[in-house]
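Novice: Okay, here's what each chain looks like letter by letter:
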Amino acid sequence: MQFVVPSESSGRDAPWTTVLPGLLVFLTCFLLTCFLLAQALGRPSTSLLGAKLDLYEQDAQGYDVAFLGPSTTYRQIDPGVFDATMAQGGRPVRSFNLGAPAMGGLEIRFALSQLLEIHPGRLRWLFIDLRVLDLEVQKENLLSGRVTWWHDLYATIRAVRMVLDLGKDLKTTRDLIIDHLRSWAYNLTNLGRLRFVLEQRLAGTEADRRAAERAAAESAVWELGPAADGFCSLEDAVRLSDEETKAPLLERRGAFLRRLDEFRSKALAKARRGGGGSRRVLRETERELLVDMVATAEAAGVSVVFITSPDVDPMGELLQAAADEGLLPAFFDFGDVAAYRELFDPDLRYDWNHLAAAGAEVYSRLLAERLLTLMDSRGSPR
Amino acid sequence: MIFSELRFLFFFVAVFGVYWLLPGHRARKLWLLGVSYVFYGAWNEKLLLLIVASTVLDYVVGLGLLATDEPRKRWRWMLLSLIGNLGMLGFFKYYNFFVESGAAFLTWLGLPTSPATLDIILPVGISFYTFQTLSYSIDCWRGNLKPTRSLLDFALFVTFFPQLVAGPIVRAIDFMPQLDAPRCWAWVKARPCLLLFMVGFIKKSVVSDSIAPFVDAYFAAPTAYDALSSWVAVPLWTAQLYCDFSGYSDMAIATAGLLGYNLCDNFAHPYFAASITDFWRRWHISLSFWLRDYIYFPLGGSRGSNLLTWRNITITWLLSGLWHGADWHYVAFGAVMPPALIVHRHWTRAGLRLPAGVGVLLTYLYMCMAFVLLRATNMAAAGEVLSAFFLFDSPGTVLIGDRLHWVFLGLALVHWVAYRELLSAWWARMPRLLFAAAYGVLAALLLALSSPQAQPFVYFQF
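From first to last, the protein sequence lines stand for chains W and D. The first sequence begins at 4 in this note's numbering and counts up by one. The second sequence begins at 5 in this note's numbering and counts up by one.
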């Protein structure tokens with residue numbers, strides 16, 4: 004077939020005005036369909052945060068307290084222990100752990116908005132453990148359902164601004180911006196999401212599909228926690244998960260046990276230095292992100308408490324700097340070795356950065372006790 | 005960068021917008037040449053040198069042929085093009101194959117060998133653009149085409165990005181005259197182009213890429229599956245191959261059309277072919293006709309005795325097999341064509357006829373066998389698949405999937421609807437704004453159905 008037919012009568016290019024109306028209609032219908040499709044498809048099942056929000060939403064009673072943050076939240080804050088301590092202190096609450104491995108600042112901000120859309124009425128307290136910002140996503144995760152999901156327009160614009168604010172060289176800046184824009188485009192177009200559903204329907208035999216469903220249900224137990232409260236200790240993860248998930252966790256445990264002396268000396272050095280005071284200077288976009296998180300939560304009647312988890316590495320410097328500037332309405336620094344010596348006991352730790360189940364119990368109790376103190380100091384009604 | 009990637013859509017929107025906004029014909033051609041190099045350089049910037057070398061070689065050969073009428077000198081120029089182009093193709097594509105095959109032969113004879121293979125990467129599209137530049141030199145040498153003095157035009161003919169990496173194999177005689185006249189947007193049949201691009205996208209990104217994991221799993225370990233699975237996997241592979249390659253051609257033709265250039269058709273519903281001869285008039289048409297015009301006819305075609313004709317058919321198809329890849333299973337793919345073509349030739353000459361449906365079915369089954377040779381990693385693996393497919397003999401017990409045959413039947417139905425052109429008139433009659441709205445809705449649905457990680461086109465490896 005001839006797609007280009009030269010003719011004598013039409014020697015001049017057609018004006019763009021003949022193309023523009025069609026283009027506008029196309030774009031409108033395209034974007035509308037993308038939006039409707041995203042609504043119909045719901046949260047991506049491949050995202051742990053999505054699965055946790057689904058579970059959170061299913062509870063008719065709702066929750067008073069939620070925890071957002073990376074694995075140091077996911078693996079270390081036990082809502083059962085937290086709730087029990089709060090009840091003993093005369094302030095009964097129900098809490099839920101929304102942490103997910105490697106959850107950074109931008110994903111936390113996204114999760115916050117998703118969370119507030121669900122139960123804005125009952126939620127009163129939100130704990131945020133902010134360690135990293137999500138500006139440099141690992142290549143293999145870049146196009147995953149989880150990463151593309153949090154790249155909505157708002158998060159992407161913020162990400163691009165933060166990348167520009169980093170002041171890195173031109174190539175790195177360009178690559179990072181392209182990565183975020185690509186994730187946003189994938190999110191906008193729901194790229195591959197219907198296909199994923201289709202593949203699940205077509206793969207293997209009926210028996211294979213049933214086995215896959217069973218495996219998904221089993222993995223939900225260790226991903227969402229044995230108590231279905233979003234918390235799964237590292238020991239439980241090793242006990243309940245498949246070999247593929249288990250292997251790196253065991254490897255990390257082994258590496259930690261080999262470096263126990265180094266850990267002890269680092270903890271000791273950090274204790275000598277003492278807590279408080281950060282040499283880190285906040286960038287303008289980081290400041291904006293934190294202020295925005297607080298304002299968004301408070302507008303929905305939710306109080307935010309920022310926390311740094313017990314770590315010998317300087318992971319809490321961002322929050323420490325923000326606290327020094329007075330940006331944080333409440334800040335619990337569990338990275339202070341001198342103040343929380345028990346959390347740095349190697350017997351309570353699973354690996355270099357994470358507490359074991361016994362450590363998580365202590366940490367969750369301490370967290371609740373600090374909240375009780377805070378509530379009392381603010382005069383919150385019992 | 006490939007057509008089914010999201011970044012290609014952004015690339016093309018930018019190319020398209022700037023192209024039609026540029027005022028002059030020469031500026032537009034320069035723009036197209038520049039973006040074509042960017043497009044190719046997205047794979048490997050260093051390989052741009054190769055395509056530039058190929059361009060310069062045949063441009064110079066063209067000038068040489070233009071400068072002389074003396075047959076001996078003209079033949080020398082032609083020889084230079086043949087040696088340069090085939091030398092480049094031979095080195096990059098066939099060097100290791102011939103060295104390894106030679107070593108294997110010497111070992112078989114009991115002679116000591118130490119094959120010196122090289123770590124060579126196959127430049128994407130080399131088989132396609134080499135044949136294109138060769139056709140230019142041959143046509144100029146034969147006097148069918150006047151060599152161009154414009155390096156810009158010739159470079160654009162070689163590197164025009166829609167057809168650069170996987171065809172259709174465009175002939176200079178068809179394409180270069182189009183470069184003479186300024187292109188007008190009013191000449192472009194935009195709606196058919198947009199539809200064809202969408203059809204190509206569906207074939208590649210929705211159908212082919214969805215089938216690929218199942219086909220890959222089967223061909224990776226055919227003996228693990230039961231014999232019945234081969235009757236799902238092999239037809240699915242034929243569907244994947246067709247959708248992948250014709251999808252690419254569709255998108256190439258549509259993309260070129262939107263820029264004001266016609267490319268030749270490359271597929272015409274090949275699985276409805278009633279004979280092998282008919283099949284090769286419908287499958288990879290630009291290669292079939294290239295082989296016919298530049299190898300089969302110069303060898304003598306069918307003008308001589310039966311024996312000579314058989315020889316010519318055999319040589320042509322063995323070379324076709326080698327064109328597809330440097331391995332013995334590709335040669336085998338070429339080698340199974342001549343017997344079928346020869347039988348069909350004499351069958352037809354004898355005035356014998358098969359009912360159309362039977363012819364279609366037999367041709368399809370024969371091509372299933374041939375395409376297994378193209379897909380398998382080696383001859384032994386091809387034998388395992390064919391044994392399961394034709395003899396129902398497989399030691400495996402795994403069933404590939406109990407719903408996949410419905411996918412194949414669905415695809416066959418869609419193929420038939422397209423073959424009978426049942427929907428094309430409906431699309432053509434649709435009011436402009438309604439078409440734009442429907443296109444927007446479909447585009448959104450298709451992106452959701454496509455793969456986030458775009459798979460490379462199967463024919464890129466050739």
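Calculated directly from the structure, the hints in this document are not laboratory data. A few of these clues could be false.
No more than 25 Å apart at the CA atoms, straight line, and that leaves these computed lysine-lysine pairs for DSS-like [said to hold, decoys possible]: (1) D/K150 <-> D/K77; (2) W/K249 <-> W/K142; (3) W/K142 <-> W/K171; (4) W/K249 <-> W/K273; (5) W/K174 <-> D/K77; (6) D/K50 <-> W/K142.
Computed spacing ranges between beta-carbons, pair by pair [to be verified]: (7) W/Y157 <-> D/D297: 35 to 45 Å; (8) W/A218 <-> D/T401: 16 to 26 Å; (9) W/A214 <-> D/L369: 29 to 39 Å; (10) D/A46 <-> W/L169: 25 to 35 Å; (11) D/L34 <-> W/E202: 38 to 48 Å; (12) D/T401 <-> W/R217: 46 to 56 Å; (13) W/E238 <-> D/T401: 35 to 45 Å; (14) W/L34 <-> D/A46: 45 to 55 Å; (15) D/H409 <-> W/E143: 56 to 66 Å; (16) W/E143 <-> D/M383: 34 to 44 Å; (17) W/L169 <-> D/H409: 52 to 62 Å; (18) W/E328 <-> D/L34: 53 to 63 Å; (19) W/D62 <-> D/G387: 34 to 44 Å; (20) D/G106 <-> W/W355: 55 to 65 Å.
Where is the CB? At the ideal position from N, CA and C, for every residue including glycine.
Novice: It remains to establish, for every hint, whether it holds in the given structure.
Specialist: Structure-based check of each hint:
1. Restraint check for D/K150 and D/K77: satisfied, since their Cα atoms lie roughly 17 Å apart, inside the 25 Å limit.
2. Between W/K249 and W/K142 the alpha-carbon distance is near 22 Å, which keeps this suggested pair within the 25 Å criterion.
3. With a C-alpha separation of about 18 Å, the suggested pairing of W/K142 with W/K171 holds against the 25 Å cut-off.
4. A C-alpha spacing of about 31 Å is found between W/K249 and W/K273, which places the hinted pair above 25 Å, so the restraint is violated.
5. Proximity of W/K174 to D/K77 is assessed by CA-CA distance (about 52 Å); at most 25 Å being required, the pair is judged violated.
6. Proposed proximity of D/K50 and W/K142 is supported: the alpha carbons are some 24 Å apart, at most 25 Å.
7. Against the hinted window of 35 to 45 Å, the Cβ-Cβ separation of W/Y157 and D/D297 comes to about 59 Å, which falls outside the hint.
8. Evaluation of the 16 to 26 Å hint for W/A218 and D/T401 yields a pass: the beta carbon distance comes to about 21 Å.
9. Between W/A214 and D/L369 the Cβ separation comes to about 34 Å, which falls inside the hinted range of 29 to 39 Å.
10. Here the CB-CB span from D/A46 to W/L169 is close to 26 Å, well matched to the stated 25 to 35 Å.
11. A C-beta distance of roughly 44 Å is found between D/L34 and W/E202, which places it inside the suggested range of 38 to 48 Å.
12. Hint check: D/T401 to W/R217, Cβ distance near 21 Å, so the stated range 46 to 56 Å is violated.
13. Separated by about 39 Å at the C-beta atoms, W/E238 and D/T401 satisfy the suggested range of 35 to 45 Å.
14. Between W/L34 and D/A46 the beta carbons are some 28 Å apart, a value that contradicts the proposed interval 45 to 55 Å.
15. Between D/H409 and W/E143 the C-beta distance comes to about 34 Å, which lies outside the given range of 56 to 66 Å.
16. For the pair W/E143 and D/M383, the supplied restraint of 34 to 44 Å holds, since their beta-carbon distance comes to about 36 Å.
17. Taken as a hint, the range 52 to 62 Å holds for the pair W/L169 and D/H409, whose Cβ atoms sit roughly 53 Å apart.
18. For W/E328 and D/L34, the Cβ-Cβ distance of about 54 Å falls inside the hinted range of 53 to 63 Å, so the restraint holds.
19. Between W/D62 and D/G387, the C-beta spacing of about 59 Å breaks the proposed range 34 to 44 Å.
20. The given range of 55 to 65 Å is respected by D/G106 and W/W355, whose C-beta atoms sit roughly 56 Å from each other.
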